[in-house]
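Going letter by letter, the sequence shown gives residues 78 to 343 in the working numbering.
Think of the hints as simulated: they come from the structure by calculation, not from any bench. It should be emphasised that the depicted structure is a prediction, and the values quoted were computed from it without experimental measurement. Positions of the beta carbon are idealized from the N, C-alpha and C atoms, including for glycine. Treat each hint with caution, since some may be false.
[Stated by the list, open to error] Pairwise CB distance ranges, derived in the manner of DEER restraints:
id	residue 1	residue 2	range
1	Glu334	Thr268	19 to 29 Å
2	Ala305	Thr99	29 to 39 Å
3	Pro159	Pro229	11 to 21 Å
4	Thr99	Asp132	26 to 36 Å
5	Ala189	Thr235	31 to 41 Å
6	Ala185	Glu265	44 to 54 Å
7	Asp104	Asp259	42 to 52 Å
8	Ser153	Phe106	32 to 42 Å
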Amino acid sequence: MTPVEVRRGDGPLVLGLPHTGTFVPDDIFARLTPLGRTLGDTDWHIDRLYDGLIDGVTTVRANFHRYVIDANRDPSGASLYPGQNTTGLVPMTDFDGEPLWLDEPDEAEIEARRLAWHAPYHAALEAELTRVRAAHGVAILYDCHSIRSHIPFLFEGTLPDFNIGTNNGTTCAPVIEAIVADICAGAEGYTSILNGRFKGGWTTRHYGRPADNLHAIQMELAQSTHLAAESLPFDYDPEKADRLRVHLKTILNSVAELAASLGGRS
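With these hints in hand, go ahead and build the complete structure from the sequences.
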C-alpha cells in the first residue's frame, strides 16, 4: 500500500484528503482495541462526496488511516488546540475519549510511522502545490474533512453543518474566506460558522501563506449532512449528499475562479 494517491489536474485548486484512508498495516491493526478496529473516526465518504465537482482539480489523498498516524497533525506532536480536548499525531483515544490501543506505540514507533506515512503524504502535497503555483502563479488548497455533529468530548452541543477554518483569517486571502462563508451562509437548510471549534488543522496552517501565493482553507462538514447515520456502518446517503454537493460545487468553482485575481495567471 502506497501512503498517498495523487491525481493531477491542470487547474489552480488542490484538494487535500488526509482522513479518508482506511488502510492499517496488520501488525498495527492487531494492537487496536475492538473499538479502534471499527475505524470510527474516519472522514467517511468524503472522497466520494467531492468527486467530479470541478474540472481540472488536483487531489492528494492519504491512503492510511488516521490511527496509523494523523496526516493533519503537527509532526512535532504539538497540540493545535491548547487547553482543549483533541487527538494527537498518533491518537491514543478516539473522539469520545475512549482508549484505542491494547499496546500503545512509544515515541520511537511514532517517529517511524511519521517517516513512513505522514512525511510522504506531505511531500506529495507540497510538490503538487508547488507545481500548481508554478503553472498558475497561485495555488489554493481546500482541505476536505468531516466529523460527527455531536461529540461531547471535543465540543459542546451540535456542530454546524459547514465549519470553515482559516486560522482566524491568516491562511488565505480575505476574498477566499468571504466567498466561502457567504456561500455557506446562503445555503438554505444548512448552518455554518467561520473559525469556530475547527479553525484549520496543521495542513491549513502550514501551507496557507498568502504572501507567497499559497492559500489554504479547511472545510469540516458535519457528517449528518451526507451520511444515513453518524454511527456504524456510516453509510453514504445519496439523497442528502446530492443536496450538499450542489453547494460544494459552487464553493469549489467560485474559489478556483478567484485564482487570476490573486496574482495568478489565467
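How the hints compare with the structure:
{"no.": "1", "hint": "Glu334 with Thr268: 19 to 29 Å", "in the structure": "holds, 25 Å"}
{"no.": "2", "hint": "Ala305 with Thr99: 29 to 39 Å", "in the structure": "violated, 18 Å"}
{"no.": "3", "hint": "Pro159 with Pro229: 11 to 21 Å", "in the structure": "holds, 20 Å"}
{"no.": "4", "hint": "Thr99 with Asp132: 26 to 36 Å", "in the structure": "holds, 28 Å"}
{"no.": "5", "hint": "Ala189 with Thr235: 31 to 41 Å", "in the structure": "holds, 39 Å"}
{"no.": "6", "hint": "Ala185 with Glu265: 44 to 54 Å", "in the structure": "holds, 52 Å"}
{"no.": "7", "hint": "Asp104 with Asp259: 42 to 52 Å", "in the structure": "holds, 48 Å"}
{"no.": "8", "hint": "Ser153 with Phe106: 32 to 42 Å", "in the structure": "violated, 26 Å"}
Comparing the model with each earlier hint shows violations of hints 2 and 8; every other hint is respected.
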